[in-house]
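One letter stands for each residue in the lines below.
Protein chains: 4
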Amino acid sequence: MSSEVRFSLANKQQLIAQFLKVRQHSEIYCQPLEIEDYGLQAIADTSPVKWHLAHTSWFFETFILKTTEINFIPFNKHYEYLFNSYYNGVGEQFLRAKRSLLSRPTVKEVYEYRANINTRIVKLIESFDQVPDEVASLLILGINHEQQHQELFFTDLLYNWYQNPLLPSYQAQTADKINQGRSPQIAPIKWIAYPEQMTTLGVNNTDKFFVFDNETPQHKVYLQAFEIADRLVTNADFLQFIEANGYVSSDYWLSDGWTTVKSNGWKCPLYWFKRDGDWYQYGLNGVQPLNLGAPVSHVSAYEADAFARWSNARLPTEAEWEHVASKFEIKGNFVESGRLQTEKNEQPLEVKQLYGDVWEWTSTAYGPHPGFNPAKGAVGEYNGKFMCNQQVLKGGSCVTSSEHIRSSYRNFFYPDARWQFSGIRLARDL
Amino acid sequence: MSSEVRFSLANKQQLIAQFLKVRQHSEIYCQPLEIEDYGLQAIADTSPVKWHLAHTSWFFETFILKTTEINFIPFNKHYEYLFNSYYNGVGEQFLRAKRSLLSRPTVKEVYEYRANINTRIVKLIESFDQVPDEVASLLILGINHEQQHQELFFTDLLYNWYQNPLLPSYQAQTADKINQGRSPQIAPIKWIAYPEQMTTLGVNNTDKFFVFDNETPQHKVYLQAFEIADRLVTNADFLQFIEANGYVSSDYWLSDGWTTVKSNGWKCPLYWFKRDGDWYQYGLNGVQPLNLGAPVSHVSAYEADAFARWSNARLPTEAEWEHVASKFEIKGNFVESGRLQTEKNEQPLEVKQLYGDVWEWTSTAYGPHPGFNPAKGAVGEYNGKFMCNQQVLKGGSCVTSSEHIRSSYRNFFYPDARWQFSGIRLARDL
Amino acid sequence: MSSEVRFSLANKQQLIAQFLKVRQHSEIYCQPLEIEDYGLQAIADTSPVKWHLAHTSWFFETFILKTTEINFIPFNKHYEYLFNSYYNGVGEQFLRAKRSLLSRPTVKEVYEYRANINTRIVKLIESFDQVPDEVASLLILGINHEQQHQELFFTDLLYNWYQNPLLPSYQAQTADKINQGRSPQIAPIKWIAYPEQMTTLGVNNTDKFFVFDNETPQHKVYLQAFEIADRLVTNADFLQFIEANGYVSSDYWLSDGWTTVKSNGWKCPLYWFKRDGDWYQYGLNGVQPLNLGAPVSHVSAYEADAFARWSNARLPTEAEWEHVASKFEIKGNFVESGRLQTEKNEQPLEVKQLYGDVWEWTSTAYGPHPGFNPAKGAVGEYNGKFMCNQQVLKGGSCVTSSEHIRSSYRNFFYPDARWQFSGIRLARDL
Amino acid sequence: MSSEVRFSLANKQQLIAQFLKVRQHSEIYCQPLEIEDYGLQAIADTSPVKWHLAHTSWFFETFILKTTEINFIPFNKHYEYLFNSYYNGVGEQFLRAKRSLLSRPTVKEVYEYRANINTRIVKLIESFDQVPDEVASLLILGINHEQQHQELFFTDLLYNWYQNPLLPSYQAQTADKINQGRSPQIAPIKWIAYPEQMTTLGVNNTDKFFVFDNETPQHKVYLQAFEIADRLVTNADFLQFIEANGYVSSDYWLSDGWTTVKSNGWKCPLYWFKRDGDWYQYGLNGVQPLNLGAPVSHVSAYEADAFARWSNARLPTEAEWEHVASKFEIKGNFVESGRLQTEKNEQPLEVKQLYGDVWEWTSTAYGPHPGFNPAKGAVGEYNGKFMCNQQVLKGGSCVTSSEHIRSSYRNFFYPDARWQFSGIRLARDL
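So the sequence lines, in the order shown, correspond to chains A, B, C and D.
Note that the numbering used here has the first sequence beginning at 1, numbered continuously upward.
Note that the numbering used here has the second sequence beginning at 1, numbered continuously upward.
Note that the numbering used here has the third sequence beginning at 1, numbered continuously upward.
Note that the numbering used here has the fourth sequence beginning at 1, numbered continuously upward.
Keep in mind the hints are simulated off the structure, nothing from the lab.
Check each hint, because a few of them may be wrong.
It does not matter which identical chain is meant; a pair holds if it fits inside one copy or across any two.
As the list claims (entries may be wrong) - Subject to a maximum C-alpha distance of 30 Å in a straight line, what follows is the list of computed DSS-like cross-link-like pairs (lysine-lysine): (1) Lys190 to Lys220; (2) Lys123 to Lys220; (3) Lys274 to Lys98; (4) Lys77 to Lys267; (5) Lys220 to Lys327; (6) Lys331 to Lys274; (7) Lys220 to Lys77; (8) Lys77 to Lys274; (9) Lys262 to Lys77; (10) Lys123 to Lys21; (11) Lys98 to Lys108; (12) Lys267 to Lys21; (13) Lys376 to Lys267; (14) Lys108 to Lys21; (15) Lys376 to Lys190.
Just so we're clear, the structure is a prediction, and the values are computed from it rather than from any experiment.
Whenever a hint applies, use it, and build me the whole structure from the sequences.
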């Protein structure tokens, strides 16, 4: 459902079912964890699992129960402060970088919090003859919000575990995965050309589909002629860049990118390492030989840009990407596959891997679509206030829910971010 | 001349005259300084005057003399390292933040360096029957480069002096300026509407006019309908924002902007201060009562954006601004006026102050125009490698040369920069 | 036993009993904890509980089993790296500040590690007819080392919990404690005079008593005449300093101390806070009204020095303190009392509270006693390499084991440290 | 005169002569400088020359003229703030790290300030029939203070110039100096033994000799038996330490020292560098081949301690050093020699080089002598408030005035400081 729910007409039971399904998934994803794993936070960006579980509950409590429930009493009066992420309109927040210091509430207490919120939300929805538009809208926003945190659950956990020399594995490696780890490089990129034209981008916020406010409104854009790669850049491709001294020479790099490379000592994508002359990659399936045919992942926008420049190409603009992708069905390697890593291209499509595998860096700075208006109140802080210094990524990754993605979807990260499943598709001027 | 020179046909004497004129201006601007003033550098961004004088000479020496002069011998073999700003293609650079530590070469020696380069450039140009295109092109680039550093001379000097409680003044305050300091607020903003339309932006690099590579190529853009303010935001306007707790409430701020405000303790534009209940502004004319009718200056993109949001408006996009400005003549309060500060609007134009007074922050992230290609070699690092994390500003300021500006000109700074003469023009969706 | 064991003659069963008793205490102290509490580390100084439990086991494994056990196999080959604190002679160490990122090994696995080491140590000791001196010596060192970490267990846990607005409590507050929280200020300080004289300080490392190497050798010192306070400085005393603007005026402060006060915004001892006009103190018994009659705790050497200066007194030198304390029996408020906080003075002694309650800052920089020689090998890094920039504290605290302390005992911390139970005794020249 | 003046009986003309002589020397030392050199400040510690010239004048103005002159008017009302170093009792201070940003007052204005203060001080002294003790005392303190800043003039200038790849030279290298630069290693250290004994250290503040307050009072100390090296550690000695991997292995280092070495990447003393396999040293005479027979200089206390440990020795305590040195005449390589660098030992003494060449690191933390009382008022901040975290150095250096030193003189720096002429003498337990 999710992105297809017509929420103004929403069948209550359908809403409740979707709510409970997504809420349950957050907990299912935690099953392989030890209690000790719930508290890790290596950097401010990578929040503890426990915090994700609590914050997503806080979202429903704050934006729905607090304003709608009769005789609302908070589950715990401290949680408003502890589990508010960044909503200044709601109030002060516990310091982001210190979330790992909250040993209390315990994991058990957070699960109790979740159960309590679930019960109350279901009761609230059931209490309506007709779910008010605003409640339905916020509920669906909360569901989508929780799906985003499910993705962060995986990316944050991976980064946090990576600090531990024991390199924990989220799931056992199957023979299939190990074999895939040895897949060879695949066929060269084919370039698919698009003539110059007017196109429309973004979507309007109707009652038919859920979209985030930052995807709105639909608007006209003029595209210059361009061509786009028919597949993602692979680990094998990226290895060539490394072996051609891509990280050694400043020639291909943006100035800020080169400064970042030098000050962090980057020599390869995050999670890659070389042992006895062979390259390996750490991931949710543990340590594996570098999978040559699979899309490269965990690169920053700087690395993506440098690779593109070295390839005599460039990154696509958001408009180019969205124009291309809007013509394709949403199929790909998503979290539902259970693989939790990129895989080599096997789609029989003209342009492959647009959805899933990795978020694709675009050259477009994250800003408002023409005519953009954020929602009123604190919930309006969801997307709009981040429209500076970040770059747009498109298409979802191997830890995104397939229900959660669409061509207009706008993900955004600072250009130096590497802990997401972020990769590269090339484009060129015609 | 500068932006109007047809350099392929350039008359040698014309080229030499323009070269010498601009070179001389750099030295004229230094006349009020004490030797001690030449070495100041408060932050990495604000280079010492002496360094500007040497670096602009190094530019001609490196990009023209070194490749063209027969039996080239560097003026001083250490200067290539000391006065290279950021050209990795030329070699390593002395650390930017430490430029103030170069007491040697002395000011006198740097003036000797300048004289030497001037003589050799003139001799070189005179040695040609017909100045080769590439040499002419680099010479004009060097002239424009020096003009940019003349602007930085003023903005860096002001920032560096500002650290000194004695608050030195670059020039004596005339009665005129003091009176102007008491000019009242001016008429409210009028909004000028533009319908949706296709337009062309950027310029092509022809042999008729000099432009920087980042202004090219000319390309088509689709504009949504919008309206733009007929004048700049004034100090009086901005004071209202302050008095309405603009710096106290997070409501109007981008997330990164709010973080910046908090961590720097910003409470007003740079160089403003309050004494005994009255507002003053420090500038190149010393300390003056806040000039209510003059455009606000020395605000970051964050402050510009927050002010716009508080005004139920937004910043213009670069495309909107350029579309509007391309229809107006280049007239305004530039360095040639000798005022060296913003002044109240007195232009009898439908849209006033587009040129001069302050660089106008746009909402557009600095990136390549579609089809952009940087120049080959080290000189290609001039603009292209900075196309990330910065924001476009348009129109020139009261310390820009009027010869140096045009509607396609793209200035760029990080959104937290305040030491330029940067201000605000509002726009709105229609 | 501990400090009284004659280890060369040590009865094996006595050694084993003492070993197991101390090892068991580390685990008993953890009983009130949730699993989530074991991983907290707010700053590099305050290691996670789990790390303390593992590191103390690593100490026995590395310094005894590894060198003595036949066919030694490490419990886990990664632990040598993960749980080495600072012994460069053993090898590289996992970064101290990142210990909280080790969710694995789990708490359960660390307890298994502890049990394994216990079994092997007991088996090893039992395998000897006569325990070799070196083994006995290292075993007793390891036992004393574990007692030190038991103290750190309490002080680190308290600091780590303090970051959490929920302010967890280690144990329930008894009525007794709450009443004590209201104990009034006690009688004024009496000054006890000591004439100038030769004295001996330190101890020799004989086979009769265990001492740390930094307490050796015994040596002669000449003392000037002085007088010493008969009791510790109380919370009531320190409150007067605060109310006399002690933290506001630079007059009483060492230069480095004043810089520290300003940059940290210190306004009172660590864990004090004011609510609705009343002072409270957070501690292992939770939040309590400030106990006026109890010794002030959690002050830095800077605060101790400033308080002393404000009192027209000074801190005692280590020699003065040790000379005085060596004449008194070791009795006081130690961890065995179960109070885990300072208490008001009720000792019928001429000089009270020399032992227990708080570590007493001296004015003596931590350095080697004349003739000091650290042990050979990596274990020689235990104390000697820290003899710079730190200050000596004497007498033990309310979370020290009474078995662990003596007048020659030298504790040492940087002068800005506040997370230990550190307090103040005054002295004066005569 | 200086340290020998009986100031209560001081002949006015003698006082004035000494004042003018020392004041003049500050200016003589500046003669080789360019105006640009006066403003350099590479780090907070190394103040600009201009600031030293002004601050020493401020000292006389603030502590003598302001309290004694009739109808005192400050030379410039801003100077109290700008040129106060660290006297909180006088008022707030301009931020130390930003002194290089004061291009105004100019060098010329500062010399005018100096002249003005000189005139007024002379006039004031001449106005007395009998110079009051307090004025005489402060005048002599000011004279000694200025001598200290003359030493800092040299050490700060050298450090500031060192940042410039042009490596300016303060004076031309004479053939003599260049030859000396090739002097070979000298005879091995001989050890001079001292039996255990009572001794007296420090001095009492009588009217016979000027001493700083931190040298008082005289007090009894018990010395253990020890032996001390008959000469300083040479560059050749220290080179052996480097070649024995002294900077590579943690074995010899204090923990804080090792951290400092690693984080700063130290591989040799400050100002040493290797070029084409040969060692050179930069100094006030420019770049020279490493002078093997001369004392090593510009090492931190950490390096001194590590070298001593590697040599199976230790640093002397302050008491040991002072006990030894008090028996020797004050002769050595001081600023008056004009060499401005260390030289090889040619003294026909049992213990050589105790005075001059380099300040000798002791193992003694800088603290108060027993019974120490700082002066009343702001001038009491001169020494006392620094008695923490620093280490005592003894004996003066090649840029100290010979009039300024004595065996009781206590210099103090943080153990990581290297920009002073600081070196090493070894000691051992007997």
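request  = Hints the structure violates: just list their numbers, smallest first.
outcome  = Result: hints 2, 6, 7 and 12 break, sorted rising.
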